[in-house]
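Protein sequences appear in the order of chains A and B. Just so we're aligned, residue 0 is where the first sequence starts under numbering that gives the first Met the number 0, counting upward by one. Just so we're aligned, residue 0 is where the second sequence starts under numbering that gives the first Met the number 0, counting upward by one.
Just so you know, these hints were derived from the structure itself, not from any lab. Honestly, I wouldn't trust all of these hints.
[Unchecked claim] Here are the in silico distance ranges between beta carbons for each label pair:
#, chain 1, residue 1, chain 2, residue 2, range
1, B, Val7, A, Gln452, 54 to 60 Å
2, B, Arg27, A, Gln452, 26 to 32 Å
3, B, Glu77, A, Gly251, 44 to 50 Å
4, B, Ala96, A, Glu439, 20 to 26 Å
5, B, Asp126, A, Glu439, 55 to 61 Å
6, B, Asp126, A, Gln29, 29 to 35 Å
7, B, Gly115, A, Asp107, 43 to 49 Å
8, A, Glu379, B, Ala84, 53 to 59 Å
No residue lacks a Cβ here, since even glycine has one placed at the ideal position from N, Cα and C.
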Amino acid sequence: MSAQENIWDIPGGIHPAERKELSNRTPIQQAPLPKRLVLPLGQHIGTVAEPCVVVGQHVRKGEKIAEANGFVSAPLHAPTSGTVSFIGPQPYPHASGMLAPAVVIDSDGLDEWVDLTSHPDYRHMESTELLALIREAGISGLGGAGFPTAVKLTARPTQKIHTLIINGTECEPYITADDLLMRERADELVSGIDILVQLIQPDQVLIGIEDNKPEAIAAVRGACSERSYQVRVFPTKYPSGGEKQLIQILTGVEVPSGGLPADIGILCQNVGTCVAVHDAVVHGKPLISRITTLTGEALARPGNVEALLGTPVGELLQFAGLDTSKLNRLIMGGPMMGFTLPSLDVPLIKTANCLLASTAAELPPPPPAMPCIRCGECAEACPASLLPQQLHFFALGQEHEQLKAHNLFDCIECGACAYVCPSSIPLVQYYRAAKAEIRELEQKQLKAEHSKQRFEQRQERLRRAEEQKEAERKARAEKAARAKAAQAEAPPAAAAAPADEALKKLKIEASMAQVALKKAEKQLAAHDTPELQAQVNELRAAAEAAQKALADAQAAAPAPAPKPAGDEALKKAKIEAAMLKAQLRKLEKIENPDDDQQTELARLRQQLEAAEKALADLEKQVPAPTAKPAGDEALKKAKIDAAMLKAQLRKLEKIETPDDEQQTEIARLRQQLEEAEKALADLEKQAPAPTTKPAGDDALKKAKVELAMKRAELKKAEKAGADEAALQPLRDALAASEQALHAAEAASGKLAPELVRTERPGVDAKLKALKTDIAFARADLRKLERDESTASEALEQARTRLAEAERKLAEYQP
Amino acid sequence: MSLVLIAVLALLGLCILAGAILGFAAVRFKVEGDPIAEQINALLPQTQCGQCGYPGCKPYAEAIAGGDKINKCPPGGEATIQALADLLDVEAEPLDAVEGEKPQMVAYIREAECIGCTKCIQACPVDAIVGAARQMHTVIVSECTGCDLCVEPCPVDCIDMIEVGSTVQSWKWDKPLAPGQLIASDREQAA
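The following block holds chain A by itself, in its conformation from the complex (with noise of 0.2 Å):
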């Protein structure tokens, strides 16, 4: 088989100096074990996990310290046996800078394993177990990127891997990590691609590796032996080790813009992955270590080590020969696509392949940038065929639609183009700023539209329970009318509307009756037959039934009959007794009577006089239903009489010369005036109660409106910071008025229940609380009594407590 024909090229690529040399020459050798690791919670891309350790917890090596936090997330395991003693911020390796979660171990020196579970017939699991395994080791993809390897090795049913690439490239200059690890884990890792192999099943294996790791490639070789898998080796270039180029390499096909290798059926892991896995499956451990290149001229002793997860990186470089003054730029990555680190407290993580301390003539800073001569040689150099120039215009422009549409997300942020521009200018950051940009006003959109959609929703809920609200107000208020529509009904129609129902109907029965019979007999005159006479008869005897039957019914119903008749009767009296008393003064007021009205005089008098008696008679036979009003009644009508008299005299005194009939006149009103008078008098002692308990309630009411005044002048006083001297009086006058309300309220006369004093300084606790009780149980009640579903139990419940509640109250009042 020849490897070269199945191999194809990538567009661009460059060929800086590998420096792989300076760290490939030793073993791995291990490091030594820190004596406080720090755990970032994020290592992985994906949800950052949650802690499942507490601080002063003792863990021993292999224990998990922290849960996958959703489903694209990865566990975390102490790297060594020590105590739990911090969990929190601390230094991060990142670009920025800043502090991110971590839990902290301070290691007791004894690297304690936990117990572990190893499997080494794995090959009788299920794919879910394995699965559940992988995911368990918080394994994530240990080339750089650190994505959840049991995230990318989960099938998904439409897309059927066809390919799996390991990758071995190791493009980037000065690292060594995955080199090292072929050479000395062959067996693991091909161990590793058999777990892949019977998890995902595909149809071949290619292993890629570049053609500067003569070593690596005849390790494998030989690890792999009669097994199918295709070691292919190819020339070196950078950046032939991303995922995309890789596939291009070994398949020649392209991976589609903003897709996934496994939308054409492939998929790639990392050697150091495929060993981790080895190591989960085969022996139980989880990710808790991994191999790390230690390079750059400012270390004396360049290597790998194999290290665990959270060891400060400035414990590292001291095991590999610092020397800080010559140590110039700390990355942590390759010089292509590394970053520099803030400072040498920051631990080694999962995604960690290599510490490069650099001194300052190995990596200078880059020259100042000048602008773009649009030489074109970024294009050129571009593995993903992007045009560099335009995009950092479009960059610099900020044209994020223009950037979209020239497949900026499509660029791995190789630095290939800023690595070949005469003009220095630092593309790859451009673009990293660009795509961070992008991103952050898409959540910023996604966010909007979230928020927008919430917005509406609210407003649509408030809007329906504003209506439900009105649909029931207007349930109850329905509901109220109907009831007290039924209160106002229900009595008189049950006592007497059936009885006037009745009558009505009787009524109109019997007139029918004797309408018809009427008719008949006048046809009996006209035609004398037989038939007739025996219908007349008949509707004779029909007629009398009805108004027996009305009889009866009137009689049974008497009630309601007299009195009325009694009230008309007075009317009638009293408006004949008006009238006649018109007519009388009418024809009194004619100055010089003839004799004829002489005689029309006394005869209205007579009549008045009569009228007058029978009104007497018909008031004395009707006193009862008048009885209690009547004192009230009588009262009135006397005053009024009175007032009317005192006017009429008034009126006759004005006259100046009065004849003798007007003195008489005057003398005649003079008397009834007193009459009246007296009568007013009597009635007034015969009621004296309606008369005096207002006069109390007035003092009262002035007592209370007193006091408020005065509390409020001396409120007033205080508040515009009068001083004592003036105050006093005020307050003297408060306490006086306080004083006059309470004898007021005594003497008001009311009974216990309703008398209520107006607040005094220091009310009885235990009244008021017994009071709230009342109002409390007041309020249940009526809820309950609102509501319809209201069972009758809990009504009957509420209503005894609030009887209860009022029967402690009368107790408590003495």
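Got chain A; can you put chain B on it based on the hints?
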């Protein structure tokens, strides 16, 4: 004569046909609502804060469509003004706000001081506060738009508006200085 008649009839026929097509199109492809207001609304930040003087973003969008100024949205800031200016093809104006552009804020309830009055819950336009009467309230940070409508109703002043700091996840690279602003020799001199 007949030639003229034919021409007139032909033109009349065409007119009627075109009228019928237009009439049908007007009914068939009728656009509900004001499309411009919708587009403007899509550009507004939907904080529903009312700082523009309108009760929410949509009313302001409608007002802009009706001719109001485009520079009354402090949460949107210059970016929104620019986007609106591009959409409506008008001149972008500086933001019309006393405090100018504010960073993204989020409400925070000092929970120990909360008395559970629910007033902030009623004030929140996006239901981002959870709680019940006499129970402590808290803000759902991911839903809060930072409109600070909840601050004023709080009777115990236990709500703070905190600036949303960037985290490691939300941090973004700075844009480098535009090249050519300082040529190399000048910069060396300046240094």
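Here is how each hint holds up against the structure:
1. B/Val7 / A/Gln452: 54 to 60 Å: Between B/Val7 and A/Gln452, where Cβ atoms are some 57 Å apart, the hint holds.
2. B/Arg27 / A/Gln452: 26 to 32 Å: holds (29 Å)
3. B/Glu77 / A/Gly251: 44 to 50 Å: holds (48 Å)
4. B/Ala96 / A/Glu439: 20 to 26 Å: At 21 Å between Cβs, range holds.
5. B/Asp126 / A/Glu439: 55 to 61 Å: This hint is violated: roughly 25 Å between Cβ atoms.
6. B/Asp126 / A/Gln29: 29 to 35 Å: violated (55 Å)
7. B/Gly115 / A/Asp107: 43 to 49 Å: Taking Cβ atoms as reference, B/Gly115 and A/Asp107 lie about 46 Å apart, which means the hint holds.
8. A/Glu379 / B/Ala84: 53 to 59 Å: violated (39 Å)
In this structure, the earlier hints numbered 5, 6, 8 are contradicted, and the remaining ones agree with it.
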